[in-house]
Amino acid sequence: MKPAPFEYHAPSTLDEALSLLSEHGDDAKLLAGGQSLVPAMNFRIVQPGRLVDLNRITELSYIREDGNVIRVGAMARERHVEFDPSIAKHTPLLHEAAPNIAHPQIRNRGTIGGSIVNADPAAELPVLMLALDARLKAKNNSGERWINAQEFFVGMFTTALEPDEILVEIELPFMPNRTGWSFMEVAPRAGDYALMGVAALVTLDDAGKCESAKLVYLNAGDGPVNAKEAAESLKGENLNEKLIESAAAHASKNEITPFGNVHTSPEFQRHLANVLTIRTLKQALQRAGESQ
Amino acid sequence: MTRSNSITITVNEQEYTREVEPRMLLSDFLRHELGLTGTHVGCEHGVCGACTIMFNGESMRSCLIFAVQADGQSITTVEGLAKDKDDLHPLQQSFWEAHGLQCGYCTPGILMSMIPFLKQNPNPTEDEIRHALSGNLCRCTGYQHIVDAVKLAAEKIS
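Taken in order, these protein sequences are the chains called A and B. Residue numbering for the first sequence is 1 to 292, as defined by this note's numbering. Residue numbering for the second sequence is 1001 to 1158, as defined by this note's numbering.
Quick caveat, the hints were computed from the structure, so don't treat them as lab data. Please note: incorrect hints may appear among the correct ones.
Said to hold, decoys possible - Derived lysine to aspartate or glutamate pairs resembling DMTMM-like cross-links, with alpha carbons at most 25 Å apart:
(1) K1119(B) with E82(A)
(2) K1119(B) with E96(A)
(3) K139(A) with D27(A)
(4) K2(A) with E1033(B)
(5) K29(A) with E1019(B)
(6) K1156(B) with E1128(B)
(7) K1119(B) with D1148(B)
(8) K2(A) with E1019(B)
(9) K2(A) with D1148(B)
(10) K2(A) with D1028(B)
(11) K29(A) with D1028(B)
(12) K29(A) with E1021(B)
(13) K139(A) with D26(A)
(14) K89(A) with D66(A)
(15) K89(A) with E1128(B)
(16) K1156(B) with D1086(B)
(17) K29(A) with D1084(B)
(18) K139(A) with E65(A)
(19) K2(A) with D1071(B)
(20) K209(A) with E290(A)
(21) K282(A) with D133(A)
Said to hold, decoys possible - Derived CB-CB ranges, DEER-like:
(22) P1122(B) with D205(A): 43 to 51 Å
(23) S1006(B) with N261(A): 37 to 45 Å
(24) K235(A) with C1103(B): 55 to 63 Å
(25) D1071(B) with P163(A): 44 to 52 Å
(26) Q286(A) with E1019(B): 53 to 61 Å
(27) E1015(B) with S291(A): 49 to 57 Å
(28) P163(A) with N1123(B): 46 to 54 Å
(29) S1006(B) with N254(A): 55 to 63 Å
(30) Q150(A) with E1019(B): 42 to 50 Å
(31) K253(A) with E1019(B): 54 to 62 Å
(32) T1017(B) with A4(A): 20 to 28 Å
(33) S291(A) with A1082(B): 45 to 53 Å
Remember, predicted model here, so these are calculated numbers, not experimental data. Using N, Cα and C, we set each Cβ at its ideal position, and we do this for glycine too.
Construct the complete structure from the given sequences, taking the supplied hints into account.
Structure below.
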């Protein structure tokens, strides 16, 4: 279990990294925290000819407020995201979900950008990006562009990034007022890949009715799965147990497509999705009410 | 064969300069180049926690970092905890007293995870201890005595 040989580059600026990427194209692979890439290399599932290590690029590691958004550099460590006071205050969903991302030892090294770009359907961060309406900034040698989270995740381990692009920044809008949140997952061992997980958001209007809701699932398809119909069914309603249960039943039956794995069957994943949706919606609703 | 890189790493407060291939894992560097075999290698994909070391003071998996990436950085391994066998670190002493190990394979990784944990949480609850241990597999003890040892260490250190 040792990686195949590769050439190693450790640029200290983003411009240098972009040049290396455009020069070497598909042969070059970016190394962020390495907490998914290095295991894949150790097993030789992946054998890149060249690694461009982003860890020396200090300009990509920051978390700061800017108006009513939080800007997070792609190389910010997951552990810093977990403890950042701005994130805790303005995007509490991300703050609360962060301890579910693997183990502390992994979060100390793993980066927000690395996990997003890896686009593992079982990972938490892609789900959270979708739930929070994040925008993702990609750069190449000739310029930059913004991609909405909804368009960013294209499929299993696949994103909208071009081979010469680097994800450089994540823009997180502050969660709106009167918004409640909840994240829950079920994993065989704390920190392992979850069998199923749900991020729920509920925003109430002045009258206490549901103005909007969001339900996003992990390990429920070939990317983060946004259950739009179930969320839509809650809109404009005075939420109660019956509505919540019927939204959960709809999402878990019709809107997710779990594959099952060695630990679980797709049926059990649907069961978990149903139970977790009910629990997360109730918690999100309660929190939205408390913040009135 | 890829080009070798010259790296200088501080391990347990001692500086080492070596030539390494980029693909050499930090875990293998510590064991094979420096002879520091206290860092154990289990799964080599970040799941078991046996190879946990401190990288600039934070616990990390040494099997998921290349040695070249540690150039200029400071590493602490289990060998850096005690000055000699009669002067153990309070955490090590607690593992001894509370029987926190059987075969001992997972122990170095657990110690290197618990040192920063106890620094950040000097008075942890049992729940917090169990959560902090979740990234380290032990197949002998059933964890009960490990939890006891960490509790005892928290008392000793505070």
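query = Which numbered hints are broken by the structure, listed smallest first?
reply = 9, 17, 25
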